[in-house]
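Go by the hints and put chain S onto chain L.
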Amino acid sequence: MSDLTVLDVLLWVAFPYIAAASFIVGHILRYRYDKFGWTSRSSQTYETKWLRWGSPMFHYGILGVFVGHVVGLLIPHQWLEFFGITEHLYHLGATWAGVIVGAITVAGLAILMARRGAVRRVLRVTTAMDVIMYAFLAGSLVFGMIAVVQFQVIGQFQAPATGYNYRETVSPWIRSLILFQPDATFMVGVPLAFKLHVLTSTGLFLIWPFTRLVHVLSVPVMYLFRPYVVYRSRDDHRGARAIRRGWQKSPVIDSTRPKQKQKLSSDR
Amino acid sequence: MRVMAQMSMVMNLDKCIGCHTCSVTCKQVWTNRDGMEYVWFNNVETRPGLGYPRQYEDQEKWNGGWVRNKNGRLKLKSGGRLKKLATIFSNNDLPTIDDYYEPWTYDYDMLTSAPQTKNGPVARPKSLLTGENMDIKWSGNWDDNLGGSQETAQDDPILAHMSDHVKMEFENTFMFYLPRICEHCLNPSCVSACPSGAMYKREEDGIVLVDQDDCRGWRMCVSACPYKKVYFNHKTNKAEKCTLCYPLIEQGKPTICSETCVGRLRYLGLMLYDADRVLEAAAIEDEHELLDAQRSVMLDPFDPAVISQAKKDGIADDWIEAAQNSPIYKLISEYKVALPLHPEYRTMPMVWYIPPLSPVVDVVSNSGNDGEDVRNLFAAIDKLRIPVEYLAGLFTAGDTVPIEYSLKKLAAMRAYMRDINLGNEANENIAQAVGMSGAEIEEMYRLLAIAKYEDRYVIPKAHVESARDLEDFACSLDTDGGPGMGGARSTGDIRATDRIPGTPIDSTVASFDALRNVSDPSEPSTPGRLNLLNWNGKGITNGMFPPAGSGSPA
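Chains L and S, in that order, give the protein sequences.
For the first sequence, the positions run 1 to 268 when UniProt numbering is used.
For the second sequence, the positions run 1 to 554 when UniProt numbering is used.
The following block holds chain L by itself, in its conformation from the complex:
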């Protein structure tokens, strides 16, 4: 532990926990106070020709990326080896599947971002938060791809032929965070591209609940199991929101409700 600097602890212990806290608490708060704003903010009504290619490419790609990260980061390599997946086998699979899936994701995101810039209607509804979110998302993807290409693809032709084995460093570091026994020493010697990938992704998780990305948590799996037609009683759902106390500060969305309410109560 002697070679850990303050910066190391900040970046590899404090920052991830802050991001995780923001991710969890942020989502809870957003769900409690801004259900109305909880949407994917689709711009498909403005433009559909680019979106119908870019959006599925990006989303299917990122789902593949997600699965790859679960296998590579959360499952200890000893477990996979127990099932006969050797380091070499894993490396080949992860590298080539990762490159393909990653390339689709990057291409999809490139289409979506180009669309956002080029189509004026879409550009006009792009918020500052969208721009920040895109920066982190694109940064994370690009650094991740650089890391893979630099160390796993090109690195293959150098010794050792297995590329950079992040399953000995980054993966145990992440598991140490999840188990609340953070060990930043794992991250000290990690190559820069991986470090930047980790930092931008952590930043993305930090801002996640405050962006349109909240829609990821609304994957409508329950649609598969419910009856087609939904009935609700008027009594159960007489209004979208619970009535607030008079002295409670109203959130922004309440400004869309008729002002009459306040006027009437002051009349009393």
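Since the hints were derived computationally from the structure, they do not count as laboratory data.
Wrong hints could be hidden among the right ones.
Below, a list of computed lysine-lysine pairs in the DSS-like style, where the Cα atoms sit at most 25 angstroms apart [stated by the list, open to error]:
#	chain 1	residue 1	chain 2	residue 2
1	L	Lys-49	S	Lys-461
2	S	Lys-126	S	Lys-15
3	S	Lys-235	L	Lys-49
4	S	Lys-137	S	Lys-126
5	L	Lys-35	S	Lys-235
Keep in mind it's a predicted model, so treat the numbers as computed, not measured.
For chain S alone, kept in the frame of chain L given last:
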């Protein structure tokens, strides 16, 4: 049998003059907001015409509604549950805003702030999407009164199904208006397509609504609705749709489109239906039988078996009575003059239409014959295939028999009543020719032609016991054991003096009405005396002035 109540509407197209008052008042009440500029919960289409959005009836293009699969079961035309989730990242059936129209405003400021120049300033149209100058090429009723339809009408999906000679000459033949709102279907495909479960049909009155807090903007409802009556608010990114003005309906008042209808052509009332038989009826193989299938799902509110089952299913007595008095039941089930819009979409729509006789009358009159003579009219209905076939394409999946049946009843009513109005002897043969008695014809005439307000709208109020919840008057401290402990209050209690000051009164129609009627906020505790501290400054309170005519104060 499971009895459910459905608030339904019938529109008498013969009386629609295409004034768009319904659309405008609806817009003022519901959709005059950012992101809703292009949204018309109520619109009036000129037919033949493209409709709104353009060609919405072409389900080969939009994949709305249901289809019957080989096993005889219903499937969403846009695909089942798995396909919906697999294609959730891009809804390729979704109309873009250009299929409606690009909303715009005008650069009005130029008119007052432009510097003096040789030419007067103009207010140029500016797109509300991009802020740039734009050319206006289409809007909500661009082909109003067949305007420009030489260019566009060949794209009318109904005409496309008719033969070529029809397409050439329809313009000289007929035209009518079709006002449209959400159909509040018994088997709604929008609700069924919503991945989030945010759309629902209300158990009590069958009104289909979107829970704005649950909607996640997946847009499946927009494309699944074959009538394209769910809209995407492009500012809030949530789906919105016609609410059948439920805050008014709950108060026993008609919707704003009905209330303001100049032609008085809209009818509102309850229908009782058998919820267990909806799917079976919607899945009938022959499209021409869908109309009768849907009629058979409607229950007779006078049948003792239906009444007892309705009571078991929690329908209150006043609602059953309202269903018995319902003008909708008379028009759909008794007279059978009302027909559903596009039953072939298999959603079981509940806004029905009385087909217009006027195109036929116009043709007869323009040819120099008596347009109110029953023989002329009957012959014209039989001979004028174009309007009849067109109407069949709209209302009966192409079956002309119910259209002729309905039109002949209207023609018989016209001819029968003309004799009476001219002081001639009523001709019972006319009534019998359409299987009615003269008395029945006169009854139908009262409903269709006289159309008194109270006959057109038979709307039971939401139940008192649940209406209390509607009011939202309860104080947050009024929980059981809480410091307020006043409990929920009922409608009349808006004036109660024990209301805790500062508690918000919800801005419902009910509280508005209750407040408007408050002229007397505080009954004086002692007769003849007034506590000015409780007086809200409105109206004249008991005891404020001595009784009129009395010489001395009490």
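Hints versus structure:
The straight-line distance between the Cα atoms of Lys-49 (chain L) and Lys-461 (chain S) is roughly 48 angstroms, outside the 25 angstroms bound, and the hint therefore fails. Only pairs whose Cα atoms come within 25 angstroms are accepted, and Lys-126 (chain S) paired with Lys-15 (chain S) is rejected, the gap being roughly 37 angstroms. Taking the CA atoms of Lys-235 (chain S) and Lys-49 (chain L), the gap is about 21 angstroms. The hint holds against a cut of 25 angstroms. Distance check on the hinted pair: Lys-137 (chain S) and Lys-126 (chain S) sit about 13 angstroms apart at the alpha-carbon level, within 25 angstroms; holds.
For the proposed pair Lys-35 (chain L) and Lys-235 (chain S), the alpha carbon gap of about 15 angstroms is at most 25 angstroms, so the pair holds.
When held up to the earlier numbered hints, the structure conflicts with 1 and 2 and fits the remainder.
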